[in-house]
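Residue numbers (my numbering), protein chains in the order written: chain S, 6 to 344; chain U, 6 to 344.
Please note that the accuracy of each hint is not assured.
Copies of the same chain look alike in the list, so a pair counts if it works inside one copy or between any two.
EDC-like cross-link-like pairs, simulated, lysine to aspartate or glutamate; straight-line CA separation at most 16 Å [to be verified]:
no.	residue 1	residue 2
1	Lys53	Asp143
2	Lys128	Asp220
3	Lys190	Asp116
4	Lys258	Glu284
5	Lys53	Glu229
6	Lys237	Glu139
7	Lys53	Glu86
8	Lys324	Asp196
What the hints contain is simulated information worked out from the structure, not anything from laboratory work.
There are 2 protein chains.
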Amino acid sequence: MTPTILLTQGDINGIGTEIILKAFAKLRRLKARLCAVGSMREFEFHRKRLDLPVALAEIAALDELDSVPRSALAILNVKHEAKTKFGQVRADAGDLAMKSVELAARLCLRDEAHAIVTAPIHKEAIAKAGWAFEGHTDFLAHLSNRRVQMLFADERSQLRVALATVHVPLAKVSERLSTQGIEEKIQTLHDALRRDFGIKTPRIAVLGLNPHASDGGIIGREEEELLKPTLKRLARRFRLKGPFAADGFFGAKLYRNFDATLAMYHDQALIPFKMLAFETGVNLTLGLPFVRTSPDHGVAFDIAGKGIANESSFIEATKLALKLAIARRAAQTRSRVLA
Amino acid sequence: MTPTILLTQGDINGIGTEIILKAFAKLRRLKARLCAVGSMREFEFHRKRLDLPVALAEIAALDELDSVPRSALAILNVKHEAKTKFGQVRADAGDLAMKSVELAARLCLRDEAHAIVTAPIHKEAIAKAGWAFEGHTDFLAHLSNRRVQMLFADERSQLRVALATVHVPLAKVSERLSTQGIEEKIQTLHDALRRDFGIKTPRIAVLGLNPHASDGGIIGREEEELLKPTLKRLARRFRLKGPFAADGFFGAKLYRNFDATLAMYHDQALIPFKMLAFETGVNLTLGLPFVRTSPDHGVAFDIAGKGIANESSFIEATKLALKLAIARRAAQTRSRVLA
Chain S
6 MTPTILLTQG DINGIGTEII LKAFAKLRRL KARLCAVGSM REFEFHRKRL
56 DLPVALAEIA ALDELDSVPR SALAILNVKH EAKTKFGQVR ADAGDLAMKS
106 VELAARLCLR DEAHAIVTAP IHKEAIAKAG WAFEGHTDFL AHLSNRRVQM
156 LFADERSQLR VALATVHVPL AKVSERLSTQ GIEEKIQTLH DALRRDFGIK
206 TPRIAVLGLN PHASDGGIIG REEEELLKPT LKRLARRFRL KGPFAADGFF
256 GAKLYRNFDA TLAMYHDQAL IPFKMLAFET GVNLTLGLPF VRTSPDHGVA
306 FDIAGKGIAN ESSFIEATKL ALKLAIARRA AQTRSRVLA
Chain U
6 MTPTILLTQG DINGIGTEII LKAFAKLRRL KARLCAVGSM REFEFHRKRL
56 DLPVALAEIA ALDELDSVPR SALAILNVKH EAKTKFGQVR ADAGDLAMKS
106 VELAARLCLR DEAHAIVTAP IHKEAIAKAG WAFEGHTDFL AHLSNRRVQM
156 LFADERSQLR VALATVHVPL AKVSERLSTQ GIEEKIQTLH DALRRDFGIK
206 TPRIAVLGLN PHASDGGIIG REEEELLKPT LKRLARRFRL KGPFAADGFF
256 GAKLYRNFDA TLAMYHDQAL IPFKMLAFET GVNLTLGLPF VRTSPDHGVA
306 FDIAGKGIAN ESSFIEATKL ALKLAIARRA AQTRSRVLA
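Build out the structure end to end from the sequences listed, making use of the hints.
In structure tokens, the structure reads:
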């Protein structure tokens, strides 16, 4: 069966609507049923304003999807009051964005759809609208009642990198690291690589925290006291190597020898990721009961409504969502057969 | 006048001698007087063992350099007892390496030579030999009685990056940063860019410490409390921008808009540097009364004596040393004329 992929509109005052329309124009032949979730009226407004050659077809429920011709983008309409005000942080836009994500998630949880690709939302706008979430990741974790984790993936450069800590001040990173935390991250990563990427025994690299991975304990103690003992214990259950000195690891492209890499802090992962995948990188949320990907950029209020936004990352995110949805369904079929 | 560049042999049990010989074979036409400093006997041993087509000519003092034909590599011989034992950490080799560097530095301090390109030494070997220095940088700072700073330069990718902290455990980086320290780093960098690179008003980028450069103080306080006020104050004297979020800075190649970048910690600089300049990167010591460069790798004991070491980085280091020596002499001439 062809997977159904939902594209959530994101903040209507940013570039999300534009990149969905541009991406759809290039993705019509994708072997998936694509459906945008958001405001029909605002999709139509952006389409006209940017003069994009994409037909739109409003639907009220997913079972109408088959009646929409492949040349048109189906829009599952979300009721709201918001009107596009390019570049502005507005509560009504934040509210519409979150309602679209909520609807998409509920459809996936009911197994009516299989994957979500999210256009960017704006943190402040959703806070203004009274939603108590930082962004997509924690909202989806809450709706699904799962512990989740981000993965940054670039299929072209073969870099997939996860984070042991995310938005933590650099000085606090060391104290946030723990044996249990690292074990959980590796477990989630391992499971996702097996289930979503179809890799039987995933090879995972773990980076050190300190310069030169501490040079044997001379520059910091975390490698000797935390990372090495933890990895040694986990080596019975996972195919692990590390802790690697991060500079040499990326310089020598060692990530190509692994299915994924676990970095200790934000910039240790994001500096190399953005260098390798500036327009093609994709974010994934691991640990959800459905597939979720997103492009590797924000609302870009500074260029909103100008027609110059680049849809490459959104296209990559949609292609990867399809690949993962197919792999996940194949894994489910296998496990049913085995059971 | 043609600058004289000294090539110090480094640890004879590593790849240093091999890369000097290989590099010289490709640098014969360089408009510089090249002279190796080290053991004539061990140079000859490596040359024979690796069957390298380079003639050697022993000299006892630099004034004999003009009598050596351009096709031969002049070796300023250093007395010693060491014999090559590939891949071994030995005190005699450490001692020979340090004596070579000491002689080269004294010749530069007496203005008999103008630049040093150092082949790698081994920290443990020099410690075994009783030398109380961590490596080249602090040894040369001591001999010259100057405060120095490292710069990583890759002319091809246009990345030049200096470090606010070097071999500091990640958890201690924040407490090591200070207004005074950052001011000194920027001053040294600015002076070197003017004097050695011939850039009139150098543009310097400063990176933030935290993820997203703290997002306005939400993820850590160092940007708001230390970096922004410091940069604001220094902006009267220097052409500065920052603090930049490091991931986006490297992802968008913003370093190309600056003559140099100041990173806050080791891997923030060395991850992108090694990715961009894995075999062509050069290290420089700024602040010395002479030019010093070195290749961006270590003794590589694992491949010593096998003939497979790559001389690219040493060649780049030598070319850059010549460029800097010429720029520095031009600057000296200008200042003499002005005085």
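Task: Unmet hints by their number, sorted upward, for this structure - done: When the structure is compared with the hints, numbers 1, 3, 5, 6, 7, 8 turn out to be violated.
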